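These protein sequence lines map, in sequence, to chains A and B.
Counting from 329, one number per residue, gives the positions in the first sequence under our numbering.
Counting from 89, one number per residue, gives the positions in the second sequence under our numbering.
Wrong hints could be hidden among the right ones.
To be verified - Not everything, but these chain B residues come out facing chain A in the computed CB check (under 7 Å):
#1 I99
#2 A117
#3 V125
#4 D167
#5 K270
#6 L353
If you're looking for bench data, these hints aren't it; they were derived computationally from the structure.
The model shown is predicted, which means the values in this text are computed figures rather than measured ones.
Backbone N, C-alpha and C fix where the C-beta goes; we use that ideal spot for every residue, glycine too.
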Amino acid sequence: MNAPNRYELYVLEEGERPVEVVEDTKIPNAATIKIVKQDHTLGNMLRAQLLSMPQVLFAGYKVPHPLHPYFLIKVQTDGTVAPTALVEQACQKLIATIASLEAKFKREFTFKGVDGAVPEAGPYGQGAEMSWPGQKDYLDL
Amino acid sequence: MSSEPEPVVRIRELKHDRVNFVLENVDMALANSIRRVMIADIPTVAIDLVEIDSNTSVLPDEFIAHRLGMIPLVSTACDEAMRYSRDCTCETNCAFCSVVLELNIRSEILGLHLDVTSNHLEIAPARPGVMDEVGEELSKRVENFGLPVGKNNPNVPPVLIARLGKGQEIRARCIAKKGIAKEHAKWSPCSAVSFEYDPHNKLRHTSYWFESDAKAEWPTSRNATEEEPPRDDEPFDYLAKPNKFYMEVETDGSLGPQEVVMKGLQELQTKLANLILGLKAEPEVDILQNSEQNQGPGPAGGSAQNAGSWNSRPTGGAGGGWGASPAGRGSGSWSPTTNNWGNRSSPNTGGGGWGGSSPANAGWSSSGDAAGAGWGNQAGAQGGTWGNTATSAQGAGWGSPGQQSNGWNV
Ligand SMILES: [Zn+2]
Chain A
329 MNAPNRYELY VLEEGERPVE VVEDTKIPNA ATIKIVKQDH TLGNMLRAQL
379 LSMPQVLFAG YKVPHPLHPY FLIKVQTDGT VAPTALVEQA CQKLIATIAS
429 LEAKFKREFT FKGVDGAVPE AGPYGQGAEM SWPGQKDYLD L
Chain B
89 MSSEPEPVVR IRELKHDRVN FVLENVDMAL ANSIRRVMIA DIPTVAIDLV
139 EIDSNTSVLP DEFIAHRLGM IPLVSTACDE AMRYSRDCTC ETNCAFCSVV
189 LELNIRSEIL GLHLDVTSNH LEIAPARPGV MDEVGEELSK RVENFGLPVG
239 KNNPNVPPVL IARLGKGQEI RARCIAKKGI AKEHAKWSPC SAVSFEYDPH
289 NKLRHTSYWF ESDAKAEWPT SRNATEEEPP RDDEPFDYLA KPNKFYMEVE
339 TDGSLGPQEV VMKGLQELQT KLANLILGLK AEPEVDILQN SEQNQGPGPA
389 GGSAQNAGSW NSRPTGGAGG GWGASPAGRG SGSWSPTTNN WGNRSSPNTG
439 GGGWGGSSPA NAGWSSSGDA AGAGWGNQAG AQGGTWGNTA TSAQGAGWGS
489 PGQQSNGWNV
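Produce the entire structure from the sequences given, and follow the hints as far as they go.
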């Protein structure tokens, strides 16, 4: 009865900051960023993107404890860009990549829908395909 | 790495409940994040609260409640067509944040059992007087929104909930809510997501057990035809990285495969955009912290006014030693003992803390690919294998149409 709500694992609390930056005092151009209410889905993707950027000397992330819903990402740059600015760039690059993937998926789906005759009257199809109000064009049940 | 090739997507097969595609020129981390987000971050509708009026069946209440939760409900466009109860203005639940289904059935035939199935779930008549609020969610719902997938479709075998003998009855009110699979796997739109790369194991991310010859004893994956098999004299390229990913997304019918993929990509972008916003908001906090620090080195030495502002930071102090460590940023008042990394004389020896490549749960994985901890079997794409996610067990399951012949003969 007194268990915390499970959504607290992925929803920010009232007034809670999603990001907390701690700049490293012993290593130049390094910072540790705590990202709250996010997990490996974001952390690992971000880490990989950072490592592919030439200004990065080090990038790593960890989820310190599986029951604590946050991860830390540590970045050290070569000094040309601030670590936080670089993380922001990494996010922007990832968004661009995913947006391009999205456009390609959309094309593929419409292409398959046209000549592949996908909306066959399959098991679940019958009801769902009838009456979609027609705002989004990608719903195809 | 500056001129990375454009990512490529090729759908190999698209069916009403599944899509099989190949992803090229993307990083493994990104491919894995797409997989994870499709499994765990897309909202659907599922029965979450069950008020049992009467249950004289052989199954206990909680058993039935659990089975009801597993039934996939039509959730088309539910990000717009429904609110989360936690965001709603209502007291417990209302038409905007829930769908109420009723189960009301009694067996009267002697000598024959009666199967209670998902087909017996009916939308409850709206309670009068509750709907005075205005909201556009309801107009975005499809006709059968919130009903069990395939209800009253003769081609779809329903989900068996219980069997009743003569005189037994179940009367229950089921409140279906919107949620995501991070909270409970019943909200996952995916019954299985497969993920494979490097079918010839050229990267040696896995090793095959064998009697005498691995090549002769292990069948090749059907994705092996997509890639050149290695020559026998080919040297091992230890720098090679996986580049081509074979995925199949199978849904439980609550959402179509297209919606799952597109919503998944959108969700990833939302996560990234929120991170950018969070980073942009951050500098003000730094300034605040610095001014605090200039006045006093820590909570102990702070003035009353400072103490107040320390307490007002809800996240400060989380994780033990972190508390005072936001200090020191150019303020000169930083003390190494307050720092979490403190007692280690030099953090960049990397002895424990920042090890470069440890994929262990709490280690910093700077090169480990799919990390291990976290969401049970949903974490971690395993090297070169087919990672299945066992989610919503639907009765004895018609998650895959191929299994329908086996049916649910309990
Ligand atoms: Zn409500």
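Checked hints:
1. I99: At 4 Å from the nearest chain A Cβ, I99/B passes the 7 Å test, so the hint holds.
2. A117: holds (3 Å)
3. V125: This interface hint holds because 6 Å falls under the 7 Å limit.
4. D167: This hint is violated: D167/B lies away from chain A, its Cβ roughly 10 Å from the closest one there, beyond 7 Å.
5. K270: Holds - the Cβ of K270/B comes within 7 Å of chain A, reaching about 5 Å at its closest.
6. L353: L353/B check passes; min Cβ-Cβ to chain A is 5 Å, inside 7 Å.
In summary, the one numbered hint that this structure violates is 4.
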